[in-house]
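K.L.:
Chains as they are written, first to last, in my numbering: chain A, 1 to 229; chain B, 1 to 379.
Source of the hints: derived by calculation from the structure; they are not laboratory data. Be careful, since some hints might not be right.
[To be verified] Below, a sample of chain A positions facing chain B; criterion: calculated Cβ distance under 10 Å:
no.	residue
1	Thr43
2	Met46
3	Gly58
4	Phe87
5	Leu92
6	Ile93
7	Glu100
8	Pro196
We put the beta carbon where it would ideally sit given N, CA and C, even for glycine.
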Amino acid sequence: MSLLELHDVSMVYGSVKALQGIDLTVEKGEWLALMGPSGSGKTTLMNIIGCMDKASTGSIVLDGVDFTDVTAGNLTMLRRDKIGLVFQQFHLIPYLTAVENLMVAQYYHSMPDEQEALLALERVGLKERARHLPSQLSGGEQQRVCIARALINYPMLILADEPTGNLDEANAKIVLEFFQQLHREGHTIIMVTHDPKVAELAERCIVLEHGRIANWKDRRVVCREEEVS
Amino acid sequence: MIKMTKYSMYTKMIWNALLRRRSRMLIALLAVAIGATVVSGLVTIYYDVPRQMGREFRSYGANLLLTPAGDQQVMAQNLVANATALLPSDKLIGIAPYLYDRIKLNEQPFLVAGTHFQAVKKVSPYWQIRGEWPADQSEDIVIGAEVAERLEIEPGQQVTLAAAGSETEKKVKVAGILRTGGSEENFIFLDLSLLQQMLKKEGVISIAQVSITANEAELNTLTQQIGEQVPGVAPRLVKQVTQSEQTVLGKLQALVYLVTIVVLLLTLICVATTMMAVVTERRKEIGLKKALGAENRSIILEFLGEGLALGALGGLLGTILGFFFAQAVSVNVFGRMISFQPLIALLALVVSIAVTGLACLIPVKIATEVEPAIVLRGE
Ligand SMILES: Nc1ncnc2c1ncn2[C@@H]1O[C@H](COP(=O)(O)OP(=O)(O)OP(=O)(O)O)[C@@H](O)[C@H]1O
Ligand SMILES: [Mg+2]
């Protein structure tokens, strides 16, 4: 059974058709890249897969749970238990230290556990910066905290919307190495990116255009925006 | 391994939200503190004013007169004693008996009043004496400023008193000169028993002035009782003072009440505005918390927690400041210290917390409406 199955998913905002008839299957342990021009619906799709928005029509099955008709409360529970999120803007809580930011995620999930949060920071090489506020960390370090936070509750699926979009090349490289390591460890990753070189790291790449899947390339095949345009 | 409980993480989040975002929270804190200061200060004064004003008004003189019944000019002193026995002693400020007549001072006729100077001090605290009050039981006298001016007498001078139609003269010392701004300045005052002796009117007085802390209803009851139970004595209320006293007090309390409500409303608006700004400012944070799986209940608890902590802190600060504020007002206006009222402090604290809680309702509602989807959208 696939980890994620989307059938004929559409999303309509008033007159804007952000997504139309999306069919998509993601296997456990797969790394999928999502590309496409601005406004093509990438973030909209991530929000639907991440249980943060309900699709207008279509069916979605995540880890055997069909959440086409779930209530908002159940959507919150699904998101909490199954999804890890990495953002372009990091979204760390500014008045909490690195380790406290991880503990917040534990707090909403189950129980805060400082030792475990410290271990998670150690994994991303930030043990020494655990007591620093986000404003005292560089962009790359903040993104690593964000990755550690995404992993802290053992999610089924990691969603990353342009995780390297706000980083310089050196920091982007460090962050991408973490994603490669996660992939090797068997994590399932869906990552939005504008950078073909980043998309190359994924096994599969789909390109959205005007809310439809316009093109898709499988493992190790270079996937360029230029190709579709 | 120490596992953190959910509760301690909750308090940690709230504390850090308040402490590490000081500048924003300081404004809300100040609003609550100022509100609590004014409220606790005003409420303290509200309850203290009647007490204070009651005494204050008493310094404007007697509010009950005991006069001879019928068309009698004088009454027996022991009748007055019977009448005053009916008055509640804890509320009685003083009773000053007066015997009025005429007397010659340095061979010139003047109005004279015999009284007890110690009692006068209590009943008519507005009397201003240049020189000194006569000592108890002494034969020293006080003369009104008009008299002193006419005869060019200074405190400490010796004068001669003589009862009309009597040859016996008495040499006495003028201890002080009296200023009241009223008719008292035309009188000569000496000890009651001395005057009674000189005039051979032992045991009688013309009038007794009573100063008592009582409201109008109580005074009416007392007057009625005396009138019924002590024949020969006609009690009369000095009405104007009592009534204006009630009116002024009522107006003052209404004013305090009104100001308190206005201040509470302003505090409410200020805190609500600040919390609204806080929620708007932290939309991303709220979205993130929801994306991490926070339920609305958690978001509500956190913002209410922050608001209530703010209310408690500001309330505490304001209660302390309010006490000093009320103290300053009381010392400057009434010249008296007030005592700390734990009940009022508690009330101010509870009101602060309630007002902040109320002010948080709309902002919290807005916070719960934030969508988690906004964190992915670069708004
Ligand atoms: N809440 C919303 N209300 C109305 N329209 C929306 C909303 N969210 C997205 N849209 C519209 O849906 C379309 C897809 O938006 P989306 O954010 O998914 O694009 P994207 O591919 O992530 O673009 P970008 O690369 O710029 O991030 C856009 O036309 C956008 O204007
Ligand atoms: Mg996007």
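K.L.:
Identify whether the interface hint at threonine 43 of chain A stands, where standing means a beta carbon of chain B within less than 10 Å of its own.
P.N.:
holds, 5 Å
K.L.:
Given isoleucine 93 of chain A as an interface hint, is its Cβ closer than 10 Å to any Cβ of chain B?
P.N.:
For isoleucine 93 of chain A, the interface hint holds, since the closest Cβ of chain B sits about 6 Å away, which is under 10 Å.
K.L.:
Are glutamate 100 of chain A and chain B close enough, Cβ to Cβ, to be under 10 Å, as the hint says?
P.N.:
Cβ of glutamate 100 of chain A sits 7 Å from chain B, so the hint holds.
K.L.:
Would the stated hint for phenylalanine 87 of chain A survive a check requiring a Cβ distance to chain B of less than 10 Å?
P.N.:
Holds, about 6 Å.
K.L.:
With a cut-off of 10 Å, does the beta carbon of leucine 92 of chain A approach a beta carbon of chain B closely enough for the hint to hold?
P.N.:
It holds, given that the least Cβ distance between leucine 92 of chain A and chain B is near 8 Å, below 10 Å.
K.L.:
Does the nearest C-beta of chain B fall within a distance shorter than 10 Å of the C-beta of methionine 46 of chain A?
P.N.:
Holds. Min distance 6 Å.
K.L.:
Interface hint check: proline 196 of chain A, Cβ to nearest Cβ on chain B, cutoff 10 Å. Holds or violated?
P.N.:
violated, 21 Å
K.L.:
So, glycine 58 of chain A near chain B? Judge it on the closest CB pair being under 10 Å.
P.N.:
violated, 17 Å
In this structure, the hints that do not hold are numbers 3 and 8, in rising order.
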